[in-house]
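Combine the two chains into a complex, taking the hints into account.
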Amino acid sequence: MGDSKKLLEVKDLSIYFQGKQALDRAVDHVSFSLDAGQTLGIVGESGSGKSVTALSIMQLLPIPPAKIDSGEILFEGENLLKKNARQMQDVRGHKIAMIFQEPMTALNPLLTIGEQIMESLMTHLKMSKDQARERAIEMLRKVEIKNPEERVDSYPHQLSGGMRQRVMIAIALSCDPSLLICDEPTTALDVTTQAQILDLINKLKEDFNTSVIMITHDLGVVSKVSENVLVMYKGRVVEYGSVEAIFENPLHPYTRSLLAAIPDVSNRQARIELVHQAVKNDDLSLTTGDNIFDRATYQARINAEESALVEQEPGHFVRIFKNEWSSQAQDQAMKAGESDE
Amino acid sequence: MEAQNALSQEQVITSTNFYHHVWEKLRENKVAIVSLLLILLLIVVALFAPQIAPYDEGFQDTAHVLSKPTNIHWLGTDEFGRDIFSRIIYGTRVSLSVGIIAELIAMTIGVLMGALAGYFGGWVDSLISRIIEIFGSFPKILFAIVIMNIIGTGVINVFIAIGMVGWTGMARMIRSQILQLKENEYVEAAHSFGAGNTHIIFKHLIPNTLSTIIVNMTMAIPQDIMYEASLSFLGLGVQPPTSSWGQIISVGRVYISTLPGYVLFPSIALVLTVLAFNLLGDALRDALDPRLRRMD
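Heads up: the sequence lines are chains X and D, in that order.
Per the numbering used here, residue 1 is the first one in the first sequence, and the count goes up by one each step.
Per the numbering used here, residue 1 is the first one in the second sequence, and the count goes up by one each step.
Watch out, some of these pointers could steer you wrong.
[What the hints assert, rightly or not] In the BS3-like style, the derived pairs of lysine-lysine whose C-alpha atoms are separated by at most 25 Å in a straight line are: (1) K182(D) with K83(X); (2) K203(D) with K126(X); (3) K6(X) with K205(X); (4) K203(D) with K182(D); (5) K205(X) with K126(X); (6) K6(X) with K203(X); (7) K83(X) with K95(X); (8) K203(D) with K129(X); (9) K182(D) with K67(X); (10) K95(X) with K82(X); (11) K142(X) with K129(X); (12) K6(X) with K83(X); (13) K146(X) with K129(X); (14) K203(D) with K95(X); (15) K11(X) with K95(X).
[Stated by the list, open to error] Short, incomplete list of chain X residues facing chain D, as computed with Cβ under 8 Å: (16) A66; (17) R92; (18) G93; (19) L107.
[As the list claims (entries may be wrong)] Quick list of the computed label-pair ranges, beta carbon to beta carbon: (20) Q196(X) with E183(D): 26 to 36 Å; (21) Q196(X) with S176(D): 37 to 47 Å; (22) N209(X) with L179(D): 36 to 46 Å; (23) G220(X) with F202(D): 36 to 46 Å; (24) I141(D) with E134(X): 52 to 62 Å.
Source of the hints: derived by calculation from the structure; they are not laboratory data.
For every residue, glycine included, the Cβ atom is placed at its ideal position computed from N, Cα and C.
Just chain D, same shape as in the assembly (with noise of 0.2 Å):
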């Protein structure tokens, strides 16, 4: 009995793939579980927002005027009376959206912009690389504000500001990955079993590179938040009635002197969510990364 448990134990062993290896490392990190539950809760807090909210993020408490936090009003109300409470969870929407949708965006073009390179080399490689190193010759945040004053304000037009921005360490990233697979002999048995370009890099390339671009995108997004809290902040993103945090921040940056917490409240959320993604983001990269990975 007891062997065949033993048996069974190693053969649970030896079918586990790649990513559970992966899972549970990344278990024994207590920081990025801890993370990972954060990020939970903002993404059940942006679901369920107006069955959590108190109170609706237009609603106006005008009995309540820039109050400081009471019982009704948790975190207290602005000027005009709007529960920040409720509007910093409602926020929590706008940036979790622009993280993940942004991000899919930049992800999209920067994988095929990187593989492009990456596997065709020559002409294109040098047209891509260039155009890289064109956009990181200026501030990023800088160019989102031209695309922004270009396409003008709204949720949408921030998803599309930023994943046009983002998109350039995501193709460099995947460049030199795809550099380095296309040397695989699998990719030269693929040709020679009659697969097109096409093929080979949508099957055999850019999957192999699903650990990076993982990696890269919980990096990125708390960049992007930042982009979106920094474009609301400008008046240039999210307009109100819609909340967002930036938009919270900048207005409330006018009342820090008698209530403090207008400010302090959504730079918390701000600083935690991005903290929880970049924390994540380190823990994937050293649970993905095979070298780091313990001989046991």
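Extracted from the complex, chain X is given alone in its bound form (with noise of 0.2 Å):
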């Protein structure tokens, strides 16, 4: 795990928020790690702290009421939890950039998209400003948008959901980053556009060479883009390996409930299988005690008990509970004993 080669390593993260009463619990001890030009996908349902772990890796965590009560995120090495609030600017946007969920407010509208291209290549590049101009005209082009020279003077307002999404990649590859967070690019826009702009994502992270953090509640996205996928649930992490191993052996009762609920196109009359009963907020608090199962099928035995990740085949790692561990290790003819990893 500490090769070097490894561009982000996230250790043993811990995040609270701190409610009115009690701490919410938003991620719990959450590792994982990046390979330069790799893409890692991050799913999980709304409120299982995928978002929240991006931000933190950004620190752009609101602190308070946001605590990041243990671990470390190692990014090239450094600890990006030690760095200050200077330092970080310098990591934001030029290392590290970041795309958002909703494109059509998430460019200022009073500047233009080139101004707006601009900014973060005169701050970190200190490019001047016809230097600048240039760069965005030419990220511009690399994003497919049509006469980028006419374009660079447009407004927000002037463009569509997708081609603002276009111009926030433009933004955030424009310092050449050697890590995209991608935060649900695509939920906002329709299915055409969404298969453009992953399809261009695939691409630039080719052209740049830039390992892609996408985060989805989107089973379709994750396999389009992803070498390897990362499934959270309540903050904690279920179920981790390739996207094959993933799509082919889901071994997480909460993982295989998730591909259950792609609806299948070719069978018109069949019931999607729902994932039953979203996460509540009381949920995530720390005084239940609870542990990572399957809703619906596993309800009853959602209590106090420990559970770990274990390697269940090589590279392939699935949360299961200490006690059921070694019955179904017996089962599956595990290889490798227990990891923390």
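Set out below in structure tokens:
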């Protein structure tokens, strides 16, 4: 786990939110890592902690109420959590960039898109106005916006949602970051635009040799862009492995129910399986001592049992209960021993 | 040909911006246009006062002291034989410059304080909000009088005094708007691209409060003009021989029974100016408010 080629390593990250009465657990001992040039998909339902994890990497969480309780975030070998505000400003946008969910509101309505691309170029790369403008046009061309020379002077309201998201990608990649975090980049777009944006991200990832963290609740998106998948549930990692492993051999019941909930277009009559009962806010409370489980089938087992991530096949980890672990291990002919990751 | 025209028309419409709509809306409002014309006229009068006024503001026609309106002195003369019409025209300079410069000072302080309070919140917000409340707990004119007493009389000091008491309303408005604006995703996006606080405040937040600033300034200018007139009336503002409407009214009130025009004419000038700015401010507020915009 400690190789030098790891671009990003999140180790044992726990984040709490100070609520009115109790501490709300948003991210609970999450660890993962990302190699240079790789794409990691983080999936989970609303409230599973995926966006909080992403924001903590950028250190954009409002502190307080958020509180990072434990862990470290190593980026290119440096712990981001130890950096001060000014040092983080140099990382943000320069080394790590982010694309947001809502392209309609993520651009300032009063500035032309060119000005907004030029901003970070002038801040981070100390470019002159003319250089930055040239680079902005080049970036617009890279994200396949037609007539970039004219479009550079457009205001956000003159662009469609898909084009705005392209502009966001252009801003994010303009300083050639080593890591791009996409927080549900396609959720607000219609299906055809979604596919185009994903293709674009895939293509530019290669061109810029950028690692990508793709946060989404859409497993279709994950299968399209990621090499590895992290499934989160109630702030914890429940399953981690390659896309193939997760999609072909999902081990955790929650992952299985997520996969079962993908609508099957070929069978119009089939009912979509439900992922029962969404996360309630009070479920996140520390005092309940909850554990990870599929809500529908294994409801009764949600109690204070201990659980751990276990490597069930090489590179494929799943969270199971301690007391269940030995029997399952026999069933599955476990190769590796218990591991934290 | 027809179709082409229609198409280019449409393009023109889609490429118009927010302030174009505001101007269109404002143009429909007759009161606003009259006010605007009046203000433009006042600006011209102020700029070309020496060319327009028949006499110099200090010129004393000793042969005609306290004369009623005549052919040579259209609005009469004062106790030194100075032409009241000329003095009112010169007084336009003081009133307008106070309105504009003092309001610029007030606006700068108000926007900065409001932005800091709204953006940083916490103790910064508490401190600035308390200062605003302290200012609000006394009549502003009282504060202005105190400041004028400390720094002395004169036009420049009038600017400073009015600027220093006039910023709180603006600060309050900007603070609440920044509170709202800073939750926008583009602010978070700017953070994520490594922008600093100063950059976000000045490049992203304050420009988005421009409508508020414009309306607030237009509404505050007549107030400032009234403050100047009051200070000069009390003898604390502009000093003779420079003429100011407040000061003319102050001296002229002695002669109100014998020479009513002495007080009346500068008062009319003051009222018209204040009214013009107020009406324009009202119209601007309506035009800039997207909720009041007609759905067409």
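Tested hints:
1. For the proposed pair K182(D) and K83(X), the alpha carbon gap of about 24 Å is at most 25 Å, so the pair holds.
2. With a CA separation close to 18 Å, the supplied pair K203(D) and K126(X) stays within the 25 Å bound.
3. For the given pair, K6(X) sits about 17 Å from K205(X) by alpha-carbon distance, which is consistent with the 25 Å threshold.
4. For a cut-off of 25 Å, the pair hint linking K203(D) to K182(D) stands: about 12 Å separates their Cα positions.
5. Using a Cα cut-off of 25 Å, the hinted pair K205(X) and K126(X) holds, with the two alpha carbons roughly 24 Å apart.
6. Only pairs whose Cα atoms come within 25 Å are accepted, and K6(X) paired with K203(X) is accepted, the gap being roughly 22 Å.
7. Between the alpha carbons of K83(X) and K95(X) the distance comes to roughly 14 Å, so the proposed pair stays at or under 25 Å and holds.
8. Taken as a hint, the K203(D) and K129(X) pair is honoured in the structure, with Cα atoms around 16 Å apart against an allowance of 25 Å.
9. Restraint check for K182(D) and K67(X): satisfied, since their Cα atoms lie roughly 21 Å apart, inside the 25 Å limit.
10. In summary, the hint linking K95(X) to K82(X) is supported, as the alpha carbons are separated by about 16 Å, within the 25 Å threshold.
11. Among the hinted pairs, K142(X) with K129(X) is consistent with the structure: their alpha-carbon atoms are about 20 Å apart, no more than 25 Å.
12. Restraint check for K6(X) and K83(X): satisfied, since their Cα atoms lie roughly 19 Å apart, inside the 25 Å limit.
13. For the given pair, K146(X) sits about 22 Å from K129(X) by alpha-carbon distance, which is consistent with the 25 Å threshold.
14. Straight-line distance between C-alpha atoms of K203(D) and K95(X) comes to about 23 Å, which keeps the hinted pair within the 25 Å bound.
15. Restraint check: the Cα-Cα separation between K11(X) and K95(X) comes to about 20 Å, which is no more than 25 Å; the hinted pair holds.
16. Violation of the interface hint for A66(X) is found here, the shortest Cβ-Cβ separation to chain D being roughly 14 Å, above the 8 Å cut-off.
17. The beta carbon of R92(X) comes within 4 Å of a beta carbon in chain D, closer than 8 Å, and the hint placing it at the interface holds.
18. The criterion of a C-beta within 8 Å of any C-beta in chain D is met by G93(X), whose closest approach is roughly 3 Å, and the hint holds.
19. The beta carbon of L107(X) comes within 6 Å of a beta carbon in chain D, closer than 8 Å, and the hint placing it at the interface holds.
20. Our hint of 26 to 36 Å for Q196(X) and E183(D) holds, since their Cβ atoms are close to 30 Å apart.
21. Distance hint check: the CB atoms of Q196(X) and S176(D) are about 40 Å apart, consistent with the given range 37 to 47 Å.
22. Between N209(X) and L179(D) the beta carbon distance is about 41 Å. The supplied range of 36 to 46 Å therefore holds.
23. The given range of 36 to 46 Å is respected by G220(X) and F202(D), whose C-beta atoms sit roughly 42 Å from each other.
24. Take I141(D) and E134(X): their Cβ atoms lie about 56 Å apart, and the range 52 to 62 Å holds.
Violation of the numbered hints given earlier is confined to hint 16; every other hint is satisfied by the structure.
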